[in-house]
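With the sequences and hints as input, model every part of the structure.
Which chain is which? The protein sequence lines are R and A, in order. Using our numbering, the letters of the first sequence correspond one by one to residues 1440 to 1833. Using our numbering, the letters of the second sequence correspond one by one to residues 1440 to 1833.
Identical chains share a label here; the pair holds if one copy fits it or two copies do between them.
With a straight-line cut-off of 20 Å between C-alpha atoms, the simulated SDA-like cross-links for lysine to any residue are:
(1) 1447 to 1626
(2) 1752 to 1657
(3) 1752 to 1594
(4) 1540 to 1552
(5) 1447 to 1621
(6) 1752 to 1725
(7) 1752 to 1680
(8) 1447 to 1623
(9) 1752 to 1567
(10) 1540 to 1832
No lab work stands behind these hints: they were computed from the structure.
Protein chains: 2
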Amino acid sequence: MGPLEGLKVIDLARFVAGPYCAMILADMGAEVIKVESGGGDSLRLYPPDLGGTSLNFHVMNRGKKGLSLDLRKPEGQAILKALVAEADVLVENFVPGTMEKMGCGWDELRAINPRLIMSRISGFGQDGPYAARPCFDSAAQAMSGLMDLTGPADGPPVLMGVFVCDHVAGLYSTIGVLAALQARERTGQGQMVDISLLESGASLLMTAIPNQILNGVTMGRNGARGRTVAPSNAFQAGDGRWVLILCGGDDMFARFLKAIDRLELLEDPRFASNAARVANLAATEAIVADWCARHDSAEIEAAMGRAGVPSAKIASVAEMVDNPQLRHRGFIVEIPQGGGVSLPMQGPVTRLSETPVTPRGPTPRAGEHTEAVLESWLGYDPGRIAELRRDGVV
Amino acid sequence: MGPLEGLKVIDLARFVAGPYCAMILADMGAEVIKVESGGGDSLRLYPPDLGGTSLNFHVMNRGKKGLSLDLRKPEGQAILKALVAEADVLVENFVPGTMEKMGCGWDELRAINPRLIMSRISGFGQDGPYAARPCFDSAAQAMSGLMDLTGPADGPPVLMGVFVCDHVAGLYSTIGVLAALQARERTGQGQMVDISLLESGASLLMTAIPNQILNGVTMGRNGARGRTVAPSNAFQAGDGRWVLILCGGDDMFARFLKAIDRLELLEDPRFASNAARVANLAATEAIVADWCARHDSAEIEAAMGRAGVPSAKIASVAEMVDNPQLRHRGFIVEIPQGGGVSLPMQGPVTRLSETPVTPRGPTPRAGEHTEAVLESWLGYDPGRIAELRRDGVV
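Structure (structure tokens):
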């Protein structure tokens, strides 16, 4: 049994942040109903696809049940409210105000079900001057400062190569839902969770905010170089590959010098402490760069491994999928989709020793479980469902 | 009252991932005891500092209580076990095997307190061929494929400019703790949470894993360009600033063309659909680039805002701290540290409507609350504590 067995979740969300939150809840054993209105979640359409459904959609929606419901119709909204009466959690990531226009704002929904936990993810949060603006991950990366911190020191800003604000917002939303469940054990009441992509991005900034406000120091781009210790950078090996090497303290740097047979440099005051190495960055990095240029990446990784110095070849995705550690841990899961088709994707990160967190099933087709959900959640009979279908409500 | 009021947490962790998890629990009202052994958390030492403590440490440890305890001494280990008997949660991020060497592995601790939830964060997870390797955020970025996806398309890989694997691991750990608390409501038993930095990084890869395995397509670096829609890139404005503009669909692109007074381009088959625009990427981006070059960044942002096209000037941290939306939401909090000193930093992201999530106090000094914790958790009297202090145990 998963840790959230018995929990009933309505997933009204689209694209990444909200669906990712609901998928984690599904991996944990919750029953998650993916509600799709109109043409369904547009994420289904992005290339590349598997079996007519975008891989993007697959990796955000495994193990959910699909319910189609036209939320522009009053009858659709009434059914949503009936489902809310039965639910523990609702996740949505519309632009703020959208749920209110459907008569399904927080005040309406809590009146229907005081135990409901409603997690709302948006670009900028539910209130404030930007609340009604549309937002995507990249805009949040740009506005939060993340993008200005990412890229070569002498080049233009780049995006982090993945939807980091979306994912992190989904994780904060999951935390909010679970914390609200914990509070509900005590109070018997649900509550609203309010998550912003912009704040999710800005939460990753470590010291950048106090360093700016207190010290007037504006952090900038640093390529592959670490910000606090030296050496800490990507170095090019003799075979042309990039290898990351990081000496987090004097002991690690001494082990590094021993590994490259340059222990005499320990006597050089330029390298005697991290502060000295940071002050003599070019000379410090030159020691590592020279040695790396004379060795293949595999030799470097092996030597650093023996020396206990954190190091890693910068892996392509093609290499990462064969990483022996990820293989051992079974991180890449295969999810049967029916018809003999199996879909490999990243598995759950959160591992629990007693209540398994694991994918519960394939990606739903839009509306695949409409009948089953309306019957089991609301007790609708086939005749009533056929009528709703005829009227285009489901 | 916070959602986790009454929860007792032992934070044995150092650096970023574990301390961040424990800080989120503290923001939620848990009583979090930061245990520091020997010289204390090395993160205290990294520049820049405020009042002798690193800003890095400050942003990971607000609202905790400080307990000093020499975990290399058997008496220190015995006190840790006595604290474990009283705790709900323990968070640690040592290299796997370290807790076992102190006689405090999962089997030992669960025997002391079957209700304990022990969250263990490590570079690669608690088992497998890499388990005992040291790891830092950047090595996880390199090995997970994140780094190879980040940077200019024609340049070397760069780090995401922040400790993204550390933070994301801290979030997955928090999710694990909260899910285990939920399971404990049903079973009465605690469990172990096992989080890996490498898997935390790889979880952000969206379609990269299935696209590699199913289609043989190795995703690579893409600068500031989006991967699925066009136009979606950073464009240089007339004033030299970079502005991100993203048209997520045909409707948005039409609104964009209307805003720049080029609606006639809607008739051009090269721009008629997202697929067409992706196929004619250079021509599509040239339309945006030409227009941006003839306007200032502020004009561009305003015009896109009016048109409902997601857009954002790429903000420096100096600009971000003055963002009106973040100001309105009170995202940057000021935490009094005593002596009239106040520390600005990013506040909690997870907002709950009924049980506030909010910083609970300043950063502890190492061992600041040793007496208070030993008295309130274990009932030690001042004489016994003085003895422990004399013997160098606390």
